[in-house]
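Chemist: With these hints in hand, go ahead and build the complete structure from the sequences.
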Amino acid sequence: MSDEKKMLQELSDQEYKWGFVTDVDADTVPPGLNEDVIRFISHKKNEPDWLLAFRLKAYAHFLTLTPPRWQKVQYAEPDLQAISYYSAPKQKEKPKSIDEIDPEILATYEKLGIPLMEQKRLEGVAVDAVFDSVSVATTHQKKLADMGVLFMSFSEAVESHPELVRRYLGKVVPHTDNFYAALNSAVFTDGSFVYIPKGLKCPLELSTYFRINAANTGQFERTLIVADEGAYVSYLEGCTAPQRDENQLHAAVVELYVHDDAEIKYSTVQNWYPGDKDGKGGIYNFVTKRGLCAGDRSKISWTQVETGSAVTWKYPSCVLKGDDSIGEFYSVALTNNLQQADTGTKMVHLGRNTRSTIISKGISAGRGDQTYRGLVKMGKNAVNARNFTQCDSMLLGDKCGAHTMPYIESRNSTARIEHEATTTKIGEDQIFYCNQRGISTEDAVSLIVGGFCREVFQELPLEFAVEAQKLLSVSLEGSVG
Amino acid sequence: MLRIEDLYAGTQGQDILKGIDLEIKPGEVHAIMGPNGSGKSTLSQVLAGNEAYDVTSGTVTYQGRDLLELGADERALAGIFLAFQYPVEIPGFSNEKFLRTAVNAQRRHRGEPELDAFDFAQLAKDKMALMELDPDLLNRSLNVGFSGGEKKRNECFQMALLEPSLAILDETDSGLDIDALRIVSRGVNALRRPDRSVLLITHYQRLLEYIVPDYVHVLADGRIVRSGGKELAAELEQTGYGWLEDMTAGEVAQ
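Sequences listed follow chains G and E, in order.
Here my numbering is used: the first residue of the first sequence is 863, the next is one more, and so on.
Here my numbering is used: the first residue of the second sequence is 354, the next is one more, and so on.
It should be emphasised that the hints constitute simulated quantities derived from the structure, not laboratory data.
Heads up, a few of these hints could be off.
Unchecked claim - Just a few of them, taken from the derived set where beta-carbon distance is under 10 Å, the chain G residues facing chain E: (1) Thr1286; (2) Gln1292; (3) Gln1298; (4) Ala1306; (5) Leu1309; (6) Ile1310; (7) Gly1312.
Each residue gets a CB set at the ideal place from its N, CA and C atoms; glycine is no exception.
Modeler: In structure tokens, the structure reads:
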């Protein structure tokens, strides 16, 4: 067996190191999806009537839909009746301070490298930690409140700022958008809410860390971020889950709403459990993420590093409605073993002089299969709109696949659209060349892949760029083509 | 330094090297010449540890160790350097990062502290000047868009940085104009020391006017058929390689 083959083998045997389970008492509703469950969730969260009505309307619409089958992924349809739609770690009351949180949960986040305790907090980063269905802690709350920034769990926002939630909820991703968005709108449990007031450039990075712990549950979180006129915020989302043999569904909805001259930078490092080397278990990540550049000169930038999940299906998108608004999408997606991903973006240009950039880097190893699917749409009023798309695929080994499916629609003759695509392979000659200079095969692969992803990594906040690079190295350890 | 005994090696079940014997002592410069297809490049790849080639029999001892036991990266760390005939392109991987990683891998191996970007830049600057390379090449992707001459000079620049004990140059002179040849030769000559050896693989005698070898060997059909001093190269220039065919045929007749 050559070194490369051995390494490929080792790679397959590699374990997911975030796969532990935390032992906490939890309130979990019995599996099943029906109106009563939705009423139960709404009641449990003390929701106002309008929100229950929103859920029920979404559910009624959901019942008329069938699951989408157009994606280039194969999986056993999750049995939505076998999922429990609410699971919360048992706590007497909502914890008033970090000290009241179950130490097991704190330890979990500690283990994940997300310290919540005051003295260990990440400098310059405020964290909202979501454990199964509920937000368990949000750090730096006082500092943020003093600046007028609202950063809290979704449930909390519903209680304290219902008017804001009501004004923006479902405005970017309506409940009728798609099968999983409708499901999410009916049963979402928690998530993060962010509001940045006029003119404020939020000096802290805001971060939400999602952890699925309980078995047989789905995670249906809802994130809503609003940047008012001239505001700026950088937001980061991270996720992990225990290693389980059965598939778990994660069907989130993220809505970004950006007013005039405002900007949201949204970064995701997604590391859900990808299943074992034979494809058993793993998270189904079916997420709807969309941002609306409602105001003139507004900007949304999506950066994602996708290394986890058994099946990923998501297209963080920008609707560029305001004149001179800007949409950006930077993505690194890695599929290894039997992972599948159908991911990309949609850039919908409605306003004049709108600009978008898409940089997508796909890496396939093992028997992984991935598809870049992207839509660039120029509306009839999108005068002088411009798009630049670059899709690069890298293959490691000869059993993986990479596909690129760009969709381009233009209704304005002044719009300019550019699309570039490349496919490369890490060759044995490249590895040998590095080896001959004393660089180990592992380091060579990691450096070559790092170079391939550089344009995307440089868009991430610095500390997360380092993390992402490490994560990629770990996920690729030993895989050589 | 290096002792090769009765080495048979090839690729895809076909031996290309058919019984090589060669000894290189510290400080010596050996040149291997021969017609196309004689196995010159195969010898360099086998010595460097390219897994695309299989050794079927024979031994190679390097500094008292069994070289064939070592992986390509271990051989490099042990001081073997191969200047590639066709340097490999790696898009997105900067020349600077590549070289700094390589230099630091060597330093780590020797138990020395690693160089940071600033120290490395200083070191690289001097060595690049020696090779008359544009400093901008450091920031470009490894070998991507380099001219033929730049690639070869970049190989020698790497050699100057890594200071190997045994440098193998695989047709480094091919495709070089006379100025580039002069620069490359200067780089190799600057490396010569009593404790370092060089194995030059070349088709033409021209290179040997600049890097004067201690020994010249003629490789034909996977074997060394003649060895001699530097004057052998000049003789080959006169006679060409045609006589080898007669010689091989003669041997068969015997």
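Chemist: Confirm or reject each hint.
Modeler: Against the structure, the hints come out as follows:
no.: 1; hint: Thr1286; in the structure: holds, 7 Å
no.: 2; hint: Gln1292; in the structure: holds, 5 Å
no.: 3; hint: Gln1298; in the structure: holds, 5 Å
no.: 4; hint: Ala1306; in the structure: holds, 9 Å
no.: 5; hint: Leu1309; in the structure: holds, 6 Å
no.: 6; hint: Ile1310; in the structure: holds, 5 Å
no.: 7; hint: Gly1312; in the structure: holds, 8 Å
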